[in-house]
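With chain A fixed as given, assemble chains B, C and D onto it according to the hints.
Protein chains: 4
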Amino acid sequence: MAGASGYAGGELLRLLLAHPQVEIGALTAGSNVGSTLGEHHPNLVELSDRPLRETDAEVLAGHDVVFLALPHGHSEELATRLGGAVVIDCGADHRLEDPAAWRRWYGGEYPGSWPYGLPELPWAREKLRGAERVAVPGCFPTVTTLALLPALHDGLVEPDLVVVAATGTSGAGRSLKPHLLSAEVMGSASVYGVGGAHRHTPEMVQNLGTAAGEPVRVSFTPMLAPMSRGILATCNARLRDGVDAERVRRSYVRAYEAEPFVRVLPEGQWPQTSATLGANTVHLQVTVDPDAGSLVAVGAEDNLTKGTAGGAVQCMNLALGLPETTGLPTTGTAP
Amino acid sequence: MAGASGYAGGELLRLLLAHPQVEIGALTAGSNVGSTLGEHHPNLVELSDRPLRETDAEVLAGHDVVFLALPHGHSEELATRLGGAVVIDCGADHRLEDPAAWRRWYGGEYPGSWPYGLPELPWAREKLRGAERVAVPGCFPTVTTLALLPALHDGLVEPDLVVVAATGTSGAGRSLKPHLLSAEVMGSASVYGVGGAHRHTPEMVQNLGTAAGEPVRVSFTPMLAPMSRGILATCNARLRDGVDAERVRRSYVRAYEAEPFVRVLPEGQWPQTSATLGANTVHLQVTVDPDAGSLVAVGAEDNLTKGTAGGAVQCMNLALGLPETTGLPTTGTAP
Amino acid sequence: MAGASGYAGGELLRLLLAHPQVEIGALTAGSNVGSTLGEHHPNLVELSDRPLRETDAEVLAGHDVVFLALPHGHSEELATRLGGAVVIDCGADHRLEDPAAWRRWYGGEYPGSWPYGLPELPWAREKLRGAERVAVPGCFPTVTTLALLPALHDGLVEPDLVVVAATGTSGAGRSLKPHLLSAEVMGSASVYGVGGAHRHTPEMVQNLGTAAGEPVRVSFTPMLAPMSRGILATCNARLRDGVDAERVRRSYVRAYEAEPFVRVLPEGQWPQTSATLGANTVHLQVTVDPDAGSLVAVGAEDNLTKGTAGGAVQCMNLALGLPETTGLPTTGTAP
Amino acid sequence: MAGASGYAGGELLRLLLAHPQVEIGALTAGSNVGSTLGEHHPNLVELSDRPLRETDAEVLAGHDVVFLALPHGHSEELATRLGGAVVIDCGADHRLEDPAAWRRWYGGEYPGSWPYGLPELPWAREKLRGAERVAVPGCFPTVTTLALLPALHDGLVEPDLVVVAATGTSGAGRSLKPHLLSAEVMGSASVYGVGGAHRHTPEMVQNLGTAAGEPVRVSFTPMLAPMSRGILATCNARLRDGVDAERVRRSYVRAYEAEPFVRVLPEGQWPQTSATLGANTVHLQVTVDPDAGSLVAVGAEDNLTKGTAGGAVQCMNLALGLPETTGLPTTGTAP
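Protein chains in written order, with the UniProt record's numbering: chain A, 1 to 335; chain B, 1 to 335; chain C, 1 to 335; chain D, 1 to 335.
Here chain A stands alone, though its shape is the one from the complex (with noise of 0.2 Å):
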């Protein structure tokens, strides 16, 4: 694995260590090369001696399945020199489908898409299969795409999205900048990339356009809020004429009823994200404002468990052909 000492990396390897079919090999690292992995890691108490070594494509080889938890950009040149490998990149590189989208929002040249790591996709699962490479998807696009996509899909909303989803602070990774420090954190909520500006905008048009079957518009806010991991997004569509409560429902059940790692909730209880801790699971819930006449979906989820490194877990079992849910945990650690 790629990446080992921040938080994805940490902890895909929490949830590889329960997974009955995996065994754990070379982990590398950038800045941190030569320490031990327990040095980053405390938690991972079997692997606290592993030391981390460079990242290169000689220390990656002869593994099976490579995970790439990197800082976007560095995934595409070493994917092609792992040759066999099921490789799973955590990263942006090969998430969007449309090179303009791509150059606009990353800027460079156009690394290519690979299959698109959200199983719960009706067009995605079929590709992961047998894959040998997967586009690990962001983090808000995961629970925003899941919380929209029956509304969507089912064409019970105008394709115009107001999206605010508050996310734990580990989503930012583990980078030393002032306002992710935690006195600056703690007693304190925060916006940032207001106005479309994150990156993950094109991301979720691409999902939720693909599943209006035409362009949708997304307005997403980012909020930075003071606990270290879980998101918790609000989405907000208007109703098409005719649409009721009922009607909604039905949609949003029918849709997850047999997906193994989303849980519409019962009526009259809301997502928490707490539920979700470290587990692989979207929480959904949805209703309509009458008045407002708006739909308002609401999903939470642990942004770097089912947003990050569970889906990547999820992806690989169906890369590998094992079953989907091997060694993912969808009970969640609370209070």
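No lab work stands behind these hints: they were computed from the structure.
A hint or two may mislead.
[What the hints assert, rightly or not] What the simulated footprint calls covered on chain B by chain D, stretch by stretch (three residues with Cβ under 8 Å from a Cβ of chain D suffice, anywhere in the stretch; the number is not a length):
#1 44 to 58
#2 63 to 73
#3 208 to 214
#4 259 to 270
[Stated by the list, open to error] Some chain D residues flagged as far from chain A (calculated, every beta-carbon gap over 12 Å):
#5 H74
#6 A85
#7 S188
Where a beta carbon is used, it is the ideal one built from N, C-alpha and C, also for glycine.
For chains B, C and D alone, coordinates are given in the frame of chain A:
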């Protein structure tokens, strides 16, 4: 003051202790009668030994100003028996001007409306000068009204509004409910009152409709964030044709340039609740999202200060003919 | 299981759901009878619809193992009516071996002691194998006993001990008390039970006195920290003459090298509670302070896991003759 | 002021803005030169546009008072070039009176000691009146010295002291270190500097030894708690023969009854850091544990206010001949 043992009452006393023109009189409570204030508010050192007395008109009589920080439904009867005192009600009883809205959202007999205590509304300040009765706004309506007022007043957006606001848990008061226990709240984000169920919605509709000069629709979703104080409100509306970022910014700057307690942040800087902690200020920023066709305005306040007790003191200043800013801090306690 | 709607009950169910040899039977509660488990523990998705039944012997009869997670004083009578089942009591009723200590700290008739569920004590494990009754230790005694055991057992320190331990608020259970409200807890640290008033003190005295082979004195101060889970215990004792850091470390390493759930960290690395979150582990570090003439041992655990429910499952494994580690995670969920 | 972009600098400015006798002059910084204050302290609205200038003597010259909030080792040279100004150093450079202690703990040439800025020490206040140089104490020594002073001064305890103090993370300053990232801190408690390694230890030894009139030994363990501000210090010492609770309480009440910023709480009430947040106060409580033979004193303060910036302003008042309490809040911002 009635309701001194609660959070709003405590914040009122914190501010009034620093107010140069105020002497604090009788303190009353509900179930905490007989205890001292220090048992409930150890921060209010100078008032520690003050006894909490019964909430009735005899105890409260004889003061120039009486603050009511009571559960809704308890203010009206008390106020009628307080004769010539200036009565400032932090509760909801006298905020709504529409009897039908009152009956729908609160039920029971409509107690009438009092001058609405948000002096920054163009139509409100004059009615508050010398007023004998003041209805202090709700914490969510304060910040969301100010965040959307210029856009609606100047006709920049369509009257369909989406508001998602994260609040610290002191907004729920000192009520012993399981979902407010610290072990449930810390490390978790949740929503409540989704789909138009929160009682602050009609108050926003009232304020923003007046600002727009036409009926508005508000889809409001409150979010509970793991922090004690603070509201961060994200407000979204469809831009009208031809409105661009510069036009929007001009409107906001002009609306608030003379307001001592509303600050439009420098371009590129976004509100964070900690910067307003303990201060009587609202911090605002606004932008447009050209792809989504939206205006996004974000406001931060301390729900207990500008959102409740500070706003109440600001109204008291106006009612008594004092300078509006007397005794009110504008510097937040951060980090 | 009795007491399923509380925090200890919820954690037990979280662990038992992942235990390969357990099928979960009847769930009972106190005031929450008639509701479903999902209303109290939305993280336990697979048991959401399970009803909470009356806590009485008929409902609990017929199970191989019964866990009691009840307020103290309720276990004894129930246990006598549970005949041949293995009864594992997470409450305090059967922890103290000294009737006088029981009467002083709890009052009322002494219910007798059961095998003490801390298998890492040299004298405890054998009594737990095949036991029909187990008294699970308190959360503070678990970590403090393990942090001081080698030093006392090997005679490295004087028997005068100072323990200061910070705990997350789930340790207080789901009790509706003002000081446990999130707005009071977040952003604040406090102490309680100072001066030897906490009921876990006699349990520490009992364990550590047995370890030392002589009476010990324990000054114990619990601290409430703004977090949901976790205990960090700082333990201080006067070094005996001639004891140096190397001697101390050797003692600790040897004491725990064969223990699957106690980890003495590498030199220079100090415990943090997050590394044990949700895991059945205690992380320890120890050093000497030559200037002060002290040994300082620090231990971290998750109060709900190794400190309560995980310890209980570990004892169940011993009681049933299963491998002691069956179904128990050692990897914490961090960050 | 030098060091304006850090946390101590920001808190100094917050307090000085409210001080009736102070006009704020030049602000300097290290790596943040060229930015405005508002980028670092959005709470200090009135100073938002102030530029941060180079930290050198020319910029700082010409002010009546210069505050230094710099990393240790930078104050001495600067101070020698500030001629007649009152220089108040929030750093460690001039706190230790023993050159040998300085060399052991900080290394390098001993810069000498300045009047020690804890006016509540019986021997300190007179030296601070009219002083031209002041060494502001460390945050931990402030609260622990005050918590143990009466007991040592009045000979109630043996001179072997155990101090465990939980601190909010602002105490570490705005330093970009991984263990201070919010995702690591939230939900977790940890220790650091264990075994006498924290540089505040010799300062406690100095203060408490003077109070006792004999050498003392201090075992000090700092704990990092998931909060931004606040220190809660638990102090333990062996009681001398014949000392009981009443004797202890009398000693503490008498010691502080005339002190405006130290409050011995009513019996039975224990300190919590939130009650001191943003205030220049220390809250104390003390008791005896007859079983353990110990005195336990607990103190709470805001590390940035009484622990640093508030203490500095208190000393400035004394140095300038102003009333000691001018401009200093005693009411905490809670909840």
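Against the structure, the hints:
Counting residues of the stretch 44 to 58 of chain B whose beta carbon lies closer than 8 Å to any beta carbon of chain D gives 4, which reaches the threshold of three, so the coverage claim holds. Note: the stretch 63 to 73 of chain B has 0 residues with beta-carbon separation from chain D under 8 Å; the three-residue rule is not met and the coverage is violated. Chain D is given as covering the stretch 208 to 214 of chain B, and this is violated because 0 residues of the stretch bring a CB closer than 8 Å to a CB of that chain, at least three being needed. Counting residues of the stretch 259 to 270 of chain B whose beta carbon lies closer than 8 Å to any beta carbon of chain D gives 4, which meets the minimum of three for the stated coverage.
Against the 12 Å criterion, H74(D) stays outside the reach of chain A, whose nearest CB is about 20 Å from its own CB. A cut-off of 12 Å between C-beta atoms confirms that A85(D) is not in contact with chain A; the least separation is 30 Å. Distance check on S188(D): its Cβ comes as close as 8 Å (rounded) to a Cβ of chain A, failing to clear the 12 Å threshold; non-interface status is violated.
Of the numbered hints stated above, those contradicted by the structure are hints 2, 3 and 7, listed in ascending order.
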